[in-house]
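Asks: Going left to right, the sequence shown walks through residues 13 to 101 as our numbering numbers them.
Everything hinted at is true.
BS3-like, lysine-lysine: derived pairs with alpha carbons at most 27 Å apart:
no., residue 1, residue 2
1, K82, K21
2, K21, K99
3, K99, K82
4, K61, K21
5, K93, K82
6, K93, K21
7, K82, K61
These are calculated hints, taken from the structure and not from any lab test. Predicted model only: the values in this text are computed from it and were never measured.
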Amino acid sequence: LFQEADIVKVIRLGRLSWAGHVARMSEMETPRRLLQEDVHRVRRVGRPKLRWNDGVGIDARNLIGVRNWKVTAMDREDWRKRIEEAKAQ
Numbered sequence: 013l014f015q016e017a018d019i020v021k022v023i024r025l026g027r028l029s030w031a032g033h034v035a036r037m038s039e040m041e042t043p044r045r046l047l048q049e050d051v052h053r054v055r056r057v058g059r060p061k062l063r064w065n066d067g068v069g070i071d072a073r074n075l076i077g078v079r080n081w082k083v084t085a086m087d088r089e090d091w092r093k094r095i096e097e098a099k100a101q
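Could you put the whole structure together from the sequences, leaning on the hints where they help?
Replies: What follows is the structure in structure tokens.
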């Protein structure tokens, strides 16, 4: 009767939208600098935990069919179109 949005999908698409916005920021902006940071710490033994960038990459592949999300996000119109198409599915 009613079509409810899958909340996990909505959150993941929101994260993709924000990631695209951050990717297009100037390199001096704090969110962009944090996104580019590669923190080198001693990591525990076992499977490494996913980082925010890893999650965005997985979501970009699974939801909008993009392998290199940072390059694709530079084209704002294409990025926005892909996210809107994924919302409609």
